[in-house]
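Student: One-letter residues, chain by chain:
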Amino acid sequence: MSEPSAVEERPSHLKHYFVDSDQQFDSAKMGMWVFLVTEILFFGGLFAAYIVYRSWYPELFLMASTELDVFWGTVNTAVLIGSSLTVAMAIRSAQLNQIKGLIINLWITIGLAFVFMVIKYFEYVDKFGKGIFPGEYYAYEGIAHEKANIFFSIYYMMTGLHGIHVIIGIGLMLWLVVKAKKGVFSSKYYTHVEITGLYWHLVDVIWIFLFPLLYLID
Amino acid sequence: MSDHHISSAKFLWGVGISLFFLTFITVAVTWIQIPAPWNVVVAIAIATVKAGIVVTFFMNLYWDAKFNTLLLIMGFAFFLLLIGITLLDTLFRIDPIPSF
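Protein chains in written order, with the working numbering: chain A, 123 to 340; chain B, 942 to 1041.
I should point out that these hints are in silico values taken from the structure, not numbers from a laboratory. Incorrect hints may appear among the rest.
Said to hold, decoys possible - Here's a subset of chain B near chain A, in silico, CB distances under 10 angstroms, partners left out:
id	residue
1	965
2	968
3	1000
4	1003
5	1005
6	1016
7	1023
Think of the CB as a built atom: it goes at the ideal place given N, C-alpha and C, for glycine as much as any other residue.
Bound conformation, chain A alone (with noise of 0.2 angstroms):
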């Protein structure tokens, strides 16, 4: 029962209400499986409205999705599908004490993101030249349907919050970046990594359903 000498052993990033650094990392990274789950539920609303709007107008939603580029939605996969890779390396690196690796990796993750969002870019703006706007903005005459406006409108509250997500994501890497070079993280201590890393994923994740389910209709 040294308790004093058990005192002085507890590292700097230890919280005093843990009782090591394994519980404060378990606890930060169960905290963040239940914020993926509120994210699961955030964009399950809109899942929700995607699924309901298809029942009722199946004929729709074929019509509509052949506007969005296939090809361009497949590069943006694979660039997330790429970024999600670079971020488990990130991981990886960090786990072994190799932070120059972990930078490297959060900049190709950062780059792949903002690739990602470019290509996006490019999407929606193609879109506005054409009258494409969500909603009562809807000006495009291309799609015989009455309802049209409601797949775009979807698609962007879709799209949308991903991108966001995505946004944030990229902040969340270079707060990181910033972090690993005060020398902040090492083998004993990459919570922050790890945390982002599951956030990024399930960025991933999302975005691996909202592809088939948009551009790839028919």
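Given chain A's structure and the hints, the job is docking chain B onto it.
Tutor: Quick look at chain B alone, frame taken from chain A:
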């Protein structure tokens, strides 16, 4: 912090390549015209397999505390409940929707 699972780089690349391959399959199945509703079923099935691979091996649920898997399953179950109850209404309306 020594008992955390560390995936080898080779393994992570294997997972990534299998995901790229399944993305290709997702697109390729649209080239052969599968009759509806099976095209949707196939697309969702492949997406579910991909999502399963990501959560199991990228998000480390395979090696993680089982409670986190339980959280994910609960989240998914409530999502299905949301859709199921909503469809019980919307699928059985005589006059589908008012004005939108």
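Student: Take the hints in turn and mark each one as holding or not.
Tutor: Structure-based check of all given hints:
For the restraint placing residue 965 (chain B) at the interface with chain A, the shortest Cβ-Cβ distance is roughly 8 angstroms, inside the 10 angstroms limit, so the hint holds. The restraint placing residue 968 (chain B) at the interface with chain A holds, with a minimum CB-CB distance near 5 angstroms, inside the 10 angstroms limit. Because the smallest distance between the Cβ of residue 1000 (chain B) and any Cβ of chain A comes to about 5 angstroms, under 10 angstroms, the interface hint for this residue holds. With a least beta-carbon distance of about 13 angstroms to chain A, the hint placing residue 1003 (chain B) at the interface is violated under the 10 angstroms criterion.
Interface restraint check: residue 1005 (chain B) against chain A, minimum CB-CB distance 8 angstroms, threshold 10 angstroms, status holds. This hint holds: residue 1016 (chain B) has a C-beta 4 angstroms from the nearest C-beta of chain A, less than the 10 angstroms allowed. Interface restraint check for residue 1023 (chain B): the shortest CB-CB distance to chain A comes to about 6 angstroms, inside 10 angstroms, so the restraint holds.
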